[in-house]
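Below are the chains, spelled out letter by letter.
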Amino acid sequence: MNCNHEDTANSACCSLFQSKSDISWRASRWWPLAAVPAVALLLVVFALPFLLLAETSLHVDQGLAQVSADFTASNYLTFVTDPFYLQILSRTVAMGLIVGLGCAILAYPVAYFVARSDGALRACAIFFVLAPLLISLVIRNLGMFPILGESGLINTALKWLGLANEPLHLMNNLVGVEIGLIHALLPLMVLSLVVAIQSIDYEVELAAANLGAPPLRVFFRVVFPLSRPGLISGSVLVFTLATSAYTTPVMLGGNRVLVMSTFLAKEMLNALNYAFAATCAVMLVITSVLLGALVLRNSERYGAA
Amino acid sequence: MKLMFYLAVGLVYGFLLLPVIMTGWSSVATSPMLTFPPRGFTLEWYQAIPGEFMTALKVSLEVGFVTTALATLVGVPAALAIARGRFPGRAFINLFCLSPLMVPTLVIGVASFQFWVRAADLIKFNPGGTLWGIALAQAAFTIPYVIRAALAGQANFDSSLEEAALGLGASPARVFFRVTLPMLMPGITSGAIFAFLMSLDDVPVALFMGGGAATTLPVKIFTSIQFSLAPYVMAIATILMVMSLALMLALDRSFGLEKFFGIRQTTR
Chain B
74 MNCNHEDTAN SACCSLFQSK SDISWRASRW WPLAAVPAVA LLLVVFALPF
124 LLLAETSLHV DQGLAQVSAD FTASNYLTFV TDPFYLQILS RTVAMGLIVG
174 LGCAILAYPV AYFVARSDGA LRACAIFFVL APLLISLVIR NLGMFPILGE
224 SGLINTALKW LGLANEPLHL MNNLVGVEIG LIHALLPLMV LSLVVAIQSI
274 DYEVELAAAN LGAPPLRVFF RVVFPLSRPG LISGSVLVFT LATSAYTTPV
324 MLGGNRVLVM STFLAKEMLN ALNYAFAATC AVMLVITSVL LGALVLRNSE
374 RYGAA
Chain H
130 MKLMFYLAVG LVYGFLLLPV IMTGWSSVAT SPMLTFPPRG FTLEWYQAIP
180 GEFMTALKVS LEVGFVTTAL ATLVGVPAAL AIARGRFPGR AFINLFCLSP
230 LMVPTLVIGV ASFQFWVRAA DLIKFNPGGT LWGIALAQAA FTIPYVIRAA
280 LAGQANFDSS LEEAALGLGA SPARVFFRVT LPMLMPGITS GAIFAFLMSL
330 DDVPVALFMG GGAATTLPVK IFTSIQFSLA PYVMAIATIL MVMSLALMLA
380 LDRSFGLEKF FGIRQTTR
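In order, the protein sequences belong to chains B and H. For the first sequence, the numbering used here assigns the number 74 to the initial residue and increments by one for each residue that follows. For the second sequence, the numbering used here assigns the number 130 to the initial residue and increments by one for each residue that follows.
Keep in mind that the hints were calculated from the coordinates and are not lab data. Some hints could be false.
What the hints assert, rightly or not - Selected chain B positions facing chain H (Cβ under 8 Å, derived; list incomplete):
1. Trp104
2. Gly222
3. Met324
To be verified - Listed next, the in silico SDA-like pairs over lysine to any residue satisfying Cα-Cα at most 25 Å (straight line):
4. Lys388(H) <-> Val138(H)
5. Lys388(H) <-> Ile273(B)
6. Lys339(B) <-> Ile359(B)
7. Lys131(H) <-> Arg329(B)
8. Lys232(B) <-> Gly139(H)
9. Lys339(B) <-> Gly258(H)
10. Lys131(H) <-> Ala177(B)
11. Lys232(B) <-> Leu147(H)
12. Lys131(H) <-> Asn283(B)
13. Lys253(H) <-> Gly340(H)
14. Lys339(B) <-> Thr145(B)
15. Lys232(B) <-> Asn246(B)
16. Lys187(H) <-> Gly153(H)
17. Lys339(B) <-> Val248(B)
18. Lys187(H) <-> Thr318(H)
19. Lys388(H) <-> Pro315(H)
20. Lys388(H) <-> Phe293(B)
21. Lys388(H) <-> Arg277(H)
22. Lys339(B) <-> Phe157(B)
23. Lys187(H) <-> Ala177(H)
24. Lys339(B) <-> Leu124(B)
25. Lys131(H) <-> Asp274(B)
26. Lys388(H) <-> Ile359(B)
27. Lys388(H) <-> Ala284(H)
28. Lys131(H) <-> Phe293(B)
29. Lys131(H) <-> Gly175(B)
30. Lys253(H) <-> Phe157(B)
31. Lys187(H) <-> Leu207(B)
32. Lys232(B) <-> Leu163(H)
33. Lys388(H) <-> Ser289(H)
34. Lys131(H) <-> Ala196(B)
35. Lys131(H) <-> Leu179(B)
36. Lys388(H) <-> Val371(H)
37. Lys339(B) <-> Phe201(B)
38. Lys131(H) <-> Gly143(H)
39. Lys339(B) <-> Arg329(B)
40. Lys131(H) <-> Pro287(B)
C-beta atoms are modelled at their ideal positions from N, C-alpha and C, and glycine is treated no differently.
Chain B on its own, in the form it takes in the complex (with noise of 0.2 Å):
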């Protein structure tokens, strides 16, 4: 009873404080004046730019970086029964799902270690993930050309090997974009596993084990099924990241692999075609950033996680 009576003084006292502060600070009307300075700048900078983008996709170029008065979804039409723009789509999709596919085997050894230590090795190990992914991408391409160059490490280790008697073409083709891209979106690939897997009961691991589940076993019946969710959620991120890279592609595909956003550089700074550069940067939006979104989506109704 009596410690009753002081909760509820302790919460009179509480709401007292709350009250006070909620008059100086939440509920103060002047809080939505703070927003106003970003949302002005992303209107200028984002917001309208991206729906003029949009409403030039529905013009027709006339030449010169000139664009028709009236209105039509022919760009649209062409992009999506030509077959030449379907190739390069296509070409971009099964690209973002090779890059997935690759980050997540490469990801899961490392994720898990991550996870399963601590102290100074687990900082070390997390430095070592993310020291790539804050540097410039365009270094982390440079020195991609020293491994997977005619004569680079890749190369040579096989032929010392004994392994290929021509040089791979491992760069300037799909292939080196791949890899590059790959190694440019591991590290996100990891991060999402790791959230996934320290949150997995060690003691489920153990359990598995004491009743006699060799390691691969536990990997592919506990480990990996209860981090799906880390899984579907690093994918989709690193689907969206590959299929609308722009430097990668170019750098190591030598500026001659025509997927999606090395296709709209060239309409926009070659072709000068601005109507078309424009609706194929709307089906590149709708390409990567809706189909993640869907899969996401869809991941959570089926209740994935």
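Given the coordinates of chain B, work out where chain H should sit on it, guided by the hints.
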């Protein structure tokens, strides 16, 4: 089995770090470019860096500072409004401010370019091709990160400290500058550092919004290697890399990388 696992972990770490190491290694090697392993040691490539690349580095740093200042100055108040205000449309503002993350930076670059070309017809002014043009467009995708970091720094904010200060008679303005802001500082600093790193990383936006005197170093490297790859490119890239690593250490110090990337281990 255990050995296989550690071997796999080691190989993946090798894959992650090798390109970074190769850039630095190639920058001091005397052997021809693109051969493995690089041989010899020389610093001549650092002396051979052309002036235009050093100018581009300067432009990059200037753009980085302007972008970061812009994003932080508008992003932090917005984060405070989202975290503390109780007003209708708050969720929408949050969504709106984070929406640039959904759009590829290439599309932001192309959209900005076309937008300013068309706007120039009306306002007789086009920031495209200048430092400001790049910074404005880069603000689009850095503001969300600044807001996110400031919100994360706000997550375990103990508002009883503010209440105590208020209760002891401090004016709201004094409480804000002496209690609230210092407590939010780690989140704000890490957001700013990340914004700077994002600006240093960006090619697509700086490519479309820059040009001429406003060419950033990543763009300069990006366009120059399409013709030929000179050893001094590895040298200037290494300089940029060392700068990024220093900023990353600062980020780790100010906020903690684990916390910043949301992978802090919860105690079980």
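Going down the list of hints, with the structure as the test:
1. Taking 8 Å as the C-beta contact cut-off toward chain H, the hint placing Trp104(B) at the interface holds, the least distance being around 3 Å.
2. Contact between Gly222(B) and chain H, as hinted, is supported at the beta carbon level, the nearest pair being about 4 Å apart and thus within 8 Å.
3. Interface restraint check: Met324(B) against chain H, minimum CB-CB distance 7 Å, threshold 8 Å, status holds.
4. Proximity of Lys388(H) to Val138(H) is assessed by CA-CA distance (about 23 Å); at most 25 Å being required, the pair is judged to hold.
5. Between Lys388(H) and Ile273(B) the alpha-carbon distance is near 19 Å, which keeps this suggested pair within the 25 Å criterion.
6. The suggested pairing of Lys339(B) with Ile359(B) holds, with an alpha-carbon distance near 19 Å, which does not exceed 25 Å.
7. A C-alpha spacing of about 43 Å is found between Lys131(H) and Arg329(B), which places the hinted pair above 25 Å, so the restraint is violated.
8. Distance check on the hinted pair: Lys232(B) and Gly139(H) sit about 23 Å apart at the alpha-carbon level, within 25 Å; holds.
9. Distance check on the hinted pair: Lys339(B) and Gly258(H) sit about 19 Å apart at the alpha-carbon level, within 25 Å; holds.
10. Of the supplied pair hints, the one linking Lys131(H) and Ala177(B) holds, its CA atoms being roughly 20 Å apart against a limit of 25 Å.
11. The straight-line distance between the Cα atoms of Lys232(B) and Leu147(H) is roughly 19 Å, inside the 25 Å bound, and the hint therefore holds.
12. Of the supplied pair hints, the one linking Lys131(H) and Asn283(B) holds, its CA atoms being roughly 16 Å apart against a limit of 25 Å.
13. Between Lys253(H) and Gly340(H), the direct Cα distance comes to roughly 19 Å. Compliance with the 25 Å bound is thereby established for this hinted pair.
14. For the hint pairing Lys339(B) with Thr145(B), the CA-to-CA distance comes to about 23 Å; that is within 25 Å, so the pair holds.
15. Between Lys232(B) and Asn246(B), the direct Cα distance comes to roughly 21 Å. Compliance with the 25 Å bound is thereby established for this hinted pair.
16. Of the pairs offered as hints, the one joining Lys187(H) and Gly153(H) holds, with about 20 Å between alpha carbons and a cut-off of 25 Å not exceeded.
17. Restraint check: the Cα-Cα separation between Lys339(B) and Val248(B) comes to about 21 Å, which is no more than 25 Å; the hinted pair holds.
18. Taking the CA atoms of Lys187(H) and Thr318(H), the gap is near 22 Å; set against the 25 Å cutoff, the hint holds.
19. Note on Lys388(H) and Pro315(H): the hinted pairing holds, with a Cα-Cα distance of about 11 Å set against a maximum of 25 Å.
20. Simply put, Lys388(H) and Phe293(B) have alpha-carbon atoms about 29 Å apart, too far for the 25 Å limit, and the pair is violated.
21. The straight-line distance between the Cα atoms of Lys388(H) and Arg277(H) is roughly 12 Å, inside the 25 Å bound, and the hint therefore holds.
22. The straight-line distance between the Cα atoms of Lys339(B) and Phe157(B) is roughly 15 Å, inside the 25 Å bound, and the hint therefore holds.
23. Using a Cα cut-off of 25 Å, the hinted pair Lys187(H) and Ala177(H) holds, with the two alpha carbons roughly 17 Å apart.
24. Distance check on the hinted pair: Lys339(B) and Leu124(B) sit about 21 Å apart at the alpha-carbon level, within 25 Å; holds.
25. Restraint check: the Cα-Cα separation between Lys131(H) and Asp274(B) comes to about 20 Å, which is no more than 25 Å; the hinted pair holds.
26. Pair hint Lys388(H) plus Ile359(B) does not hold up; C-alpha atoms about 32 Å apart against a cutoff of 25 Å.
27. Between Lys388(H) and Ala284(H), the direct Cα distance comes to roughly 11 Å. Compliance with the 25 Å bound is thereby established for this hinted pair.
28. For the hint linking Lys131(H) to Phe293(B), the alpha-carbon distance of about 16 Å falls within 25 Å, and the restraint holds.
29. Simply put, Lys131(H) and Gly175(B) have alpha-carbon atoms about 22 Å apart, close enough for the 25 Å limit, and the pair holds.
30. Distance check on the hinted pair: Lys253(H) and Phe157(B) sit about 39 Å apart at the alpha-carbon level, beyond 25 Å; violated.
31. Taken as a hint, the Lys187(H) and Leu207(B) pair is honoured in the structure, with Cα atoms around 20 Å apart against an allowance of 25 Å.
32. Distance check on the hinted pair: Lys232(B) and Leu163(H) sit about 16 Å apart at the alpha-carbon level, within 25 Å; holds.
33. Between Lys388(H) and Ser289(H) the alpha-carbon distance is near 23 Å, which keeps this suggested pair within the 25 Å criterion.
34. Among the hinted pairs, Lys131(H) with Ala196(B) is consistent with the structure: their alpha-carbon atoms are about 22 Å apart, no more than 25 Å.
35. Restraint check: the Cα-Cα separation between Lys131(H) and Leu179(B) comes to about 17 Å, which is no more than 25 Å; the hinted pair holds.
36. A hinted pair counts as satisfied when its Cα atoms are at most 25 Å apart, and Lys388(H) with Val371(H) qualifies at roughly 23 Å.
37. Restraint check for Lys339(B) and Phe201(B): the C-alpha separation of about 36 Å exceeds 25 Å, so the hint is violated.
38. Under the criterion of a C-alpha separation no larger than 25 Å, the hint pairing Lys131(H) with Gly143(H) is consistent with the structure, at around 18 Å.
39. For a cut-off of 25 Å, the pair hint linking Lys339(B) to Arg329(B) stands: about 11 Å separates their Cα positions.
40. Only pairs whose Cα atoms come within 25 Å are accepted, and Lys131(H) paired with Pro287(B) is accepted, the gap being roughly 11 Å.
Hints 7, 20, 26, 30, 37, counting from the list given before, are not met by this structure.
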